[in-house]
Structure formats: structure tokens, C-alpha cells
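Q: Chain by chain, the residues:
Number of protein chains: 2
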Amino acid sequence: MNVISFIPRRPRGKVHVPTVTLAHGGGGKAMKDLIDDVFVEAFDNPLLAPLDDQARLDLAELACQGDRLAFSTDSFVIDPLVFPGGDIGKLAVCGTVNDLAVGGATPLYLSCAVIIEEGVSIDFLRQIAGSMASTARGAGVAIVTGDTKVVNKGACDGMFITTTGIGVVPAGVELGAHRARLGDAVLVNGLLGDHGAAILCARGDMALQSPIESDCAPLQDLVGALLRAAPNTRFIRDPTRGGVATVLNEIAEAAQVAIEIEESATPLRDEVRGFCDILGLDPLYLANEGKIVAIAPPEEAQQALGAMSAHPLGKAASIIGKVVAGEPGRVTMRTTFGGRRIVDMLVGEQLPRIC
Amino acid sequence: MNVISFIPRRPRGKVHVPTVTLAHGGGGKAMKDLIDDVFVEAFDNPLLAPLDDQARLDLAELACQGDRLAFSTDSFVIDPLVFPGGDIGKLAVCGTVNDLAVGGATPLYLSCAVIIEEGVSIDFLRQIAGSMASTARGAGVAIVTGDTKVVNKGACDGMFITTTGIGVVPAGVELGAHRARLGDAVLVNGLLGDHGAAILCARGDMALQSPIESDCAPLQDLVGALLRAAPNTRFIRDPTRGGVATVLNEIAEAAQVAIEIEESATPLRDEVRGFCDILGLDPLYLANEGKIVAIAPPEEAQQALGAMSAHPLGKAASIIGKVVAGEPGRVTMRTTFGGRRIVDMLVGEQLPRIC
Numbered sequence: 001m002n003v004i005s006f007i008p009r010r011p012r013g014k015v016h017v018p019t020v021t022l023a024h025g026g027g028g029k030a031m032k033d034l035i036d037d038v039f040v041e042a043f044d045n046p047l048l049a050p051l052d053d054q055a056r057l058d059l060a061e062l063a064c065q066g067d068r069l070a071f072s073t074d075s076f077v078i079d080p081l082v083f084p085g086g087d088i089g090k091l092a093v094c095g096t097v098n099d100l101a102v103g104g105a106t107p108l109y110l111s112c113a114v115i116i117e118e119g120v121s122i123d124f125l126r127q128i129a130g131s132m133a134s135t136a137r138g139a140g141v142a143i144v145t146g147d148t149k150v151v152n153k154g155a156c157d158g159m160f161i162t163t164t165g166i167g168v169v170p171a172g173v174e175l176g177a178h179r180a181r182l183g184d185a186v187l188v189n190g191l192l193g194d195h196g197a198a199i200l201c202a203r204g205d206m207a208l209q210s211p212i213e214s215d216c217a218p219l220q221d222l223v224g225a226l227l228r229a230a231p232n233t234r235f236i237r238d239p240t241r242g243g244v245a246t247v248l249n250e251i252a253e254a255a256q257v258a259i260e261i262e263e264s265a266t267p268l269r270d271e272v273r274g275f276c277d278i279l280g281l282d283p284l285y286l287a288n289e290g291k292i293v294a295i296a297p298p299e300e301a302q303q304a305l306g307a308m309s310a311h312p313l314g315k316a317a318s319i320i321g322k323v324v325a326g327e328p329g330r331v332t333m334r335t336t337f338g339g340r341r342i343v344d345m346l347v348g349e350q351l352p353r354i355c
Numbered sequence: 001m002n003v004i005s006f007i008p009r010r011p012r013g014k015v016h017v018p019t020v021t022l023a024h025g026g027g028g029k030a031m032k033d034l035i036d037d038v039f040v041e042a043f044d045n046p047l048l049a050p051l052d053d054q055a056r057l058d059l060a061e062l063a064c065q066g067d068r069l070a071f072s073t074d075s076f077v078i079d080p081l082v083f084p085g086g087d088i089g090k091l092a093v094c095g096t097v098n099d100l101a102v103g104g105a106t107p108l109y110l111s112c113a114v115i116i117e118e119g120v121s122i123d124f125l126r127q128i129a130g131s132m133a134s135t136a137r138g139a140g141v142a143i144v145t146g147d148t149k150v151v152n153k154g155a156c157d158g159m160f161i162t163t164t165g166i167g168v169v170p171a172g173v174e175l176g177a178h179r180a181r182l183g184d185a186v187l188v189n190g191l192l193g194d195h196g197a198a199i200l201c202a203r204g205d206m207a208l209q210s211p212i213e214s215d216c217a218p219l220q221d222l223v224g225a226l227l228r229a230a231p232n233t234r235f236i237r238d239p240t241r242g243g244v245a246t247v248l249n250e251i252a253e254a255a256q257v258a259i260e261i262e263e264s265a266t267p268l269r270d271e272v273r274g275f276c277d278i279l280g281l282d283p284l285y286l287a288n289e290g291k292i293v294a295i296a297p298p299e300e301a302q303q304a305l306g307a308m309s310a311h312p313l314g315k316a317a318s319i320i321g322k323v324v325a326g327e328p329g330r331v332t333m334r335t336t337f338g339g340r341r342i343v344d345m346l347v348g349e350q351l352p353r354i355c
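Going down the list, the protein sequences come from chains V and D.
Just so you know, we're using UniProt numbering here: the first sequence kicks off at 1 and counts up by one.
Just so you know, we're using UniProt numbering here: the second sequence kicks off at 1 and counts up by one.
Keep in mind that the hints were calculated from the coordinates and are not lab data.
Hints are supplied without guarantee of correctness; some may be wrong.
Stated by the list, open to error - If you want a taste of the chain D side facing chain V, the calculated C-beta under 10 Å gives, among others:
no.: 1; residue: VAL169
no.: 2; residue: GLY172
no.: 3; residue: LEU346
Here a beta-carbon is modelled for each residue, glycine too, at the ideal position from N, C-alpha and C.
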């Protein structure tokens, strides 16, 4: 039976609507068709049963891979939705995969909840779903359950995606910011700030053009290689919002240690350096989406560096500093000119909607 | 070190900001303070470590409770954010708890990802977090991990919340829409359509005032009682978006059976009936947030009804119909006037942003 519609905007009389309408969020046939046509087709896997509101995962199989379940969620509200080096779909998969991986977990399953603004084209939605699907395949995770909501025009900016991930932490893996000790090395796996710089350029507000691409990438494989080479690694974190500076401050505070980094050892792309110079930005606060900060004990620092450098996502890996004697919670940088400055936690915002 | 800000809207010079600003989403100190002050305080539990991007759950403990992990996600975009009988926080917890429960799982853990529009008051955020916390306590689940994003004014309508849930399905529990058989009873646990009617009234578009409150409630306890009383229950589903009509159509299609319901047996509040009459709405398509549709074998139908009726959330429970011989996939209703009409799947939207 037909029911009255309160929203006159919905195009009528069309059989194949090229854009998402409020009807696609109504819970009825249009939504089911959209989910089948776009998401189930892209995410193609037996666990994703569109009729069920939940995925079911075998607990005995999970327990074979470790002793703790890791559980992590992130919403992605990035602007623009497509940017050099990726799009919101790729980012939404990498972001949650990386949150699991840096905790030492093997990422296994993702859920995907999409909020779509009325009027987004179905083709674009298919493109984003395809991007999520191929990124998930590359990261070895399956998208097993999801949700779709449609909001009226103007009630959200294009599309927001929330992914939640499940992984398993192998027995014996213990990582924590509080474990940093005097003498530990601070490592990163490559050039910093690419994601933040790429997004800022892509927005066009700055009228800057640049060849900088986001570093957005799934890091589970790199982290696995690092942990095999340096099993006593203390802590790993992905420096996304707030950048490397914020992660280092969190570590220094959690472990009540001081950290000193060397400006000369901090890997930066020339374009990012120039870009930051022009805009008065500090690259240490720029977001990364394919980078880790790792704290390794001194006796494993070279193995850690070697494992990262040998990985395709770690070619520009570097030991950027170490845990030093000093005021607990304090992060400093030795500049290329021989000075020393404090690297604070980010206080305000640097770039809104960077992820 | 301070960095330049690209958004001039952020109020400056205030120490205690009463509203959420873009800085609260920046990943730095402001965000950490907001999360500590609002969410960690409200959700108070040892697993919620604000510095870690993931919660870790003991797999052996999970395996004690069943053999399968249930995993479900939902975004909530309801308008208005506060409504008679609840708010977006309560709804976001109930919605995911119920998705787990109707699959036969014991809901255990939730993640919570919040997208907030710049300008929302911190007090309001605290109110919603408090509502989530108390609903979670009542439902026996812990909110163990989360994420906060802030978007610029106009980029989202107030607040969206995505919750993802983990539960455990006890060994032997097998529920599925395809399991419905000829002769099975169709039950609901109470008055239908309250949520949809309450939201529509609360929006004020209709200039209708009514005492109808949303039925928003966590159903894990009711479902547990039902499954203990009628262990061979075939299928349970919460009729949210698309209402009871859509759920019945999904069951009829999945099991390739026909379903007939009796209008006279369908529990409806007088106010909802009147409201639907005035607006030309069909209450079978109105959303519910504290109701289940259950399919029970004929020999357990009375026990199922008894268990639901004895529960505080099932006082108006009713056997509303049964699985009958007829065209596979067809749902019909015998009207109070003795007629018979087809109850189709919802084709367009009935109410956007109902959950």
C-alpha cells in the first residue's frame, strides 16, 4: 500500500533514479535495492547478509589468532570527498584498519555506516563503495555489516562514513604509550604531512596547486613486519589529526618522559616543506594517513628501522629522535640551526575535516 | 607552538567555551579535554581508555558466553534530537542493542562515533552522553571506544551518532527469516507505531500536538525471556524503519511463504490510530524502536505470548497473524470489516530521519 510522502522533493515517475533520494533511506524497497545494487555488490562476501542486521563471526576461529579482541571506530567527514591519493571510502577503510594495526591487532572485519545527503549521484556512491571494497581487499579485511541513512539536502555535506573494526591481538603483544623508557628510539616510516597538505590544496581555498598526494594507505602489513623485527617495540600510533607532534606529546605524558626529536632527521617532502613555509604551518601538526610513530627500545631500533625501510610503505623511514632525560611530558625539537624549541600539543584546530 | 587557523568563526579569548568549536575536532588538546570531560566521564568504565584508539576485550571471556560473535552497526540521524520518550543518545544505544538482541545475541559492548555540528552547546552534548550512558547501563552494555568529529556550521544537522555493537550468540541459538513455516504464529510485543507518530508530532510540521511518546527501549531482556519460553522461535526482528509491514514482507520473501495478519489483533494506541486516520498514514509502516516481530512455531506460540506479556515491555503483546498457505512472498491483512488487502513492502519513504 502506498503511503503519503511528506517531502515533495522526491522525483516522481522515474524508474531509474540517478541520485540518492530520501526514499533510499526509508527502510523499504528502495533502500533494499540501493544496498543490494551498490554495497552488497561491491563488498561481495558471504558474511554480508543484507537482510540480517548483524554479521556473525565464529569465536573459535577468532581465538585461534590471539587472545584479545580489538574494537575501534572512526567517523570520516573529510572535505573534499575525493582528493589526490584517495577518497572518503579508501580513507574510511585505512583509518580503522590502521587504528587496529597500531594496537598490534590483526584487522579482520569492518562495519560500514554511511550517511548520505539526498541528491548524491548513485554512480558516485558506487565509486566510493568500490574504493572501500578494493582497499579492504588490499588490507585483508572483509566488510561484513553496514547501515545506510539518507538525510535531506543541506543536512549533511555530501557523505559521512563511519567504519568500526574488529581485529585480534596475538598473545604476548603488549603495546602502550606508558611503556616508553629513557633511551628508546622514536621512528617514523616516511615523509610527514602529505595527507594534510594534499587535502588543504585540494580544497582550493588557498589557490595553491601542488603535486602532493595523500599518503592514505593500510598499514597492517608494515606494522606486522615491524613487530616481527622488533618484538619489544613499546608503542605504535598513527599520527592522523594533530600530527606527529600530538602523538609525541601523548606518549611523553603517558610515560612521564621527555622526548627530543631532530629536525634534520624528520622526513619531509620538499613540496610539503615549501607549502608549510608559505602558509606558516608546522608540518609536525599536519595529518598523516599512512604513517606510524613507533617507540622501540635502543637494542631493537636498527632492526625496527630496517624492517620499515624494507617495506614499500617505509622507504623513507627514519629514527627522528629519542626518549631523553628531561621534564616529564615535555617534547622538544633540535632545529637544523642548532636551537631547541618546545613542540606542544596542538591547542586549537589546524585543519577542520581532515579525515 | 601555535599554528594558523583557517576558520575565523572560532571564538577567541574564551577559556571555557560553552559550545563545540572546530578545535574540538582537531585531534589536539581541545578534543582530548572535550572527550575526557563529556564522554569518558559519562561512559565511565575501565575499558574506555581515551588515549588508545581501540578497546581490547578478552576472547576467552567472550567464548564463555557463546560460540559466535554478533557485530552490528547503525547511524542515527533523527530529527529532532530530543523527542517525547527519548533523544538521539538513548535511541543510538537502543537501536544497536536491539539489532544484536533480535539476532539472539547477548549485547555486551558498544562503540560510539559522534559527528557534531560546530555551535552545539557542551551542556547539550553532556546531556546526550548522559542519556547514552544511562541507557547503556540499563541494557547491560558498556561503551568501550569512540570517536568525535566536529564539522563546520551547516555541514551536518546538529549531531549524528553511529553506534556499533558486539554481542555473543549462545550455542544452539539459530534464528533466521527463512525458517518461517506454514502454521507459525506472528507475534508483536505491544502497541505499534508510537515512535513514528511521536517523531512526526515532535517535528511540528503537522501542527499536531499529541501525548504520544516514542517506545524507544532496549529489548535484550524481553528477547531473552521470549527465547527461554519458546526456544524454537524461528525469527525475531525489530520493526524500525519501514515498520511491521516491511519486516513481514522480508520474512515472507526469505521463507517463500505467505503471511496473513488480522487488523483486529494488531495492537494500536487510540492516539496513533486517530493520528494515522487524519494524515492518511498506515500504522503498519510507522517506525518502532521498542518492538519486535517474532515468528514462533504453533506449539510454542502461547508460551511466547505468555513470556512477552509478563515482561514490562510486552504488556500489550499479541499474536497478530500467522504463516498461511498462499502466494509465496505475499503479506495480507484481514480488515476489521472482513475484507482482505495486500500489505506491500514500503516503496517510497514514509518519514525521513526517523532514526
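Q: Could you tell me which of the numbered hints above are not met by this structure, giving the numbers in increasing order?
A: 2
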